[in-house]
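A.B. asks: Sequence:
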Amino acid sequence: MMMEKFALRSRILLAGAAMSALLLAGAPAGAVTPADTLVEGFAIDDIISMDPGEAFELSTAEVTGNTYDLLVRLDLSDTSKVKGDLAESWTVSDDGLTYTFKLKPGLKFASGNPITAADVAYSFERAVKLDKSPAFIIGQFGVSGDNVTDKAKAVDDTTFQFTVDKAYAPSFVLNCLSATVASVVDAKLVKEHVAAVTPSADYKWDNDFGNAWLKTGYAGSGAFKLREWRANEAVVMERNDNYYGEKAKLARVIYRNMKESSAQRLALEAGDIDVARNLEPNDLDAIAKNADLTSTSAPKGTVFYISLNQKNPNLAKPEVRQAFKYLVDYDALGSTILKGIGEIHQTFLPKGVLGELDENPFKLDVAKAKELLAKAGLADGFSVTMDVRTGQPITGMAESIQQTLGQAGIKLEIIPGDGKQTLTKYRARNHDIYIGQWGQDYFDPNSNAQTFASNPDNSDAAKTKTLAWRNAWDIPDLTKQTEAALLEKDAGKRADMYKDLEKKILDTSPFVVIHQQLEVAGLRKNLKGFALGPSFDSNFVGPVSKE
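Here the sequence shown stands for residues -31 to -1, 1 to 516, where the numbers follow mature numbering (1 follows the signal peptide of the UniProt record, and there is no 0).
Everything labelled a hint here was simulated from the structure, so no lab data went into it.
Be aware that one or more of the hints could be misleading.
Pairwise CB distance ranges (calculated) [unchecked claim]:
no., residue 1, residue 2, range
1, P3, V163, 32 to 38 Å
2, L66, G375, 53 to 59 Å
3, T433, V124, 32 to 38 Å
4, P3, T354, 48 to 54 Å
5, E229, E516, 25 to 31 Å
6, S113, S62, 17 to 23 Å
Here are the simulated lysine-lysine pairs, DSBU-like style, with alpha carbons at most 30 Å apart [stated by the list, open to error]:
no., residue 1, residue 2
7, K434, K468
8, K468, K458
9, K280, K472
This one's a predicted model, so the numbers in the text were calculated from it and none came from an experiment.
A virtual CB, placed ideally from N, CA and C, is assigned to each residue, including glycine.
Given these sequences and hints, build the entire structure.
C.D. replies: Quick look at the structure:
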């Protein structure tokens, strides 16, 4: 027995040493990553927690998507739909308020504990009661800490019921339940790690639902299990042999924190990593010339836009709003600054989302813009400022827009700042023009429609502060239309309602949507099965293998 313990400890130490060597930035040129391990260079410094009830960052979403299961998951063959994950089937009551899910038989967590409907109910309860950033995705259905145990409950070991407050479109409810906040945790394991909490006015529960432990711990059932997260250094995942579906082809996946595009490209060329995840156009060009490397990309649910504050009397003129849409050189941006990392897309719903309108009616037309400005009584132009977060591609986009606005007599002053500075000013409605990006909180058209096409209260004291609110755009009719789309049960009719909203936003809004983000990855050609998904939590690495 002593010899067995010594041998086991030796194997663990050797495995840890091998992984530590892989994480060293100065690995020798020509190094080859292990045949059973995928190593990715990835900017993962945004991770603050691995708890699916708390995490709301892009990098964490990828890890969670590979390490936890859900009741339903986005159907990658048709992203306007969901498919069963842990749920074998589901029904919706005649009144549209109760969703009943039947779990697949014989499911297990990575720990070996059985997955039951009670685990699903506990997962919903802890997410709602913790009330961290993503909790609103479940809370928007009338669910609160006080009623969650009634609204989300186990009927028996294999039957889970979720009750909502209105007869929403089923596609809306199911899409929200495919978000990572609805990940199912191992209740038995989590409860072994809860910490006592003294209730207060801000938090009335007597325990932390395992949140402190799950920040770095793991209690899931996905294709991989989380072995380790070292902040600003690495994430290590290992194959979960208890996974109900097809087992991962590789034994482990390592994400090395690498922020710089050039560093990722050099490491990829040297063989120190298998995948580079944050490449800029110049490094993509270099990869295209290397016979050992290739690249892949996928449109993500993030759109880049400029917005015009309607508190500025010049920007509030309808003709000026439309003129701005003719003063962006979309083609030039697409072939230079955005090459390989973005594609021109002028509607607020990203491609792949139910109801997305694939229309790009605007192009650079200075003469048309001048005509509109003259109609607005601004033939000689005017001066205005734009708040810009320092860094690419935002800075390059802003400079391009500055140049084309100048051709129509609009003098644009760029005000640079870091993310906190520009966002704080934007959220307070103290800007003239803001350039930035908006990503979906969940894969449903409402996530973007609610912020671009809805503004329930335009007062400075409003509780709901959408992007329309941030730009003081008062739109009661569009707000009602956005709310109505949530209740349309027929998916085809619901899609048409969003297309109509997008057309109206194109024509009248203070938003100039420029492009949709393309996530891109450079990879070594010996990789098979590597693909990027339509959302950051659908970049699945289970199918990846090496030749």
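A.B. asks: If a hint holds in the structure, say so; if it doesn't, say that too.
C.D. replies: Tested hints:
1. P3 with V163: 32 to 38 Å: holds (37 Å)
2. L66 with G375: 53 to 59 Å: Given about 56 Å between the Cβ atoms, the range holds.
3. T433 with V124: 32 to 38 Å: holds (34 Å)
4. P3 with T354: 48 to 54 Å: With a Cβ separation near 52 Å, P3 and T354 satisfy 48 to 54 Å, so the hint holds.
5. E229 with E516: 25 to 31 Å: Holds, since E229 and E516 (Cβ atoms, about 29 Å apart) stay within the stated range.
6. S113 with S62: 17 to 23 Å: Cβ of S113 to Cβ of S62: about 21 Å, so the range 17 to 23 Å holds.
7. K434 with K468: Cα-Cα ~23 Å, so holds.
8. K468 with K458: holds (16 Å)
9. K280 with K472: At roughly 24 Å apart (the allowed maximum being 30 Å), K472 and K280 satisfy the hint.
The structure fails none of the hints (numbered hints given earlier).
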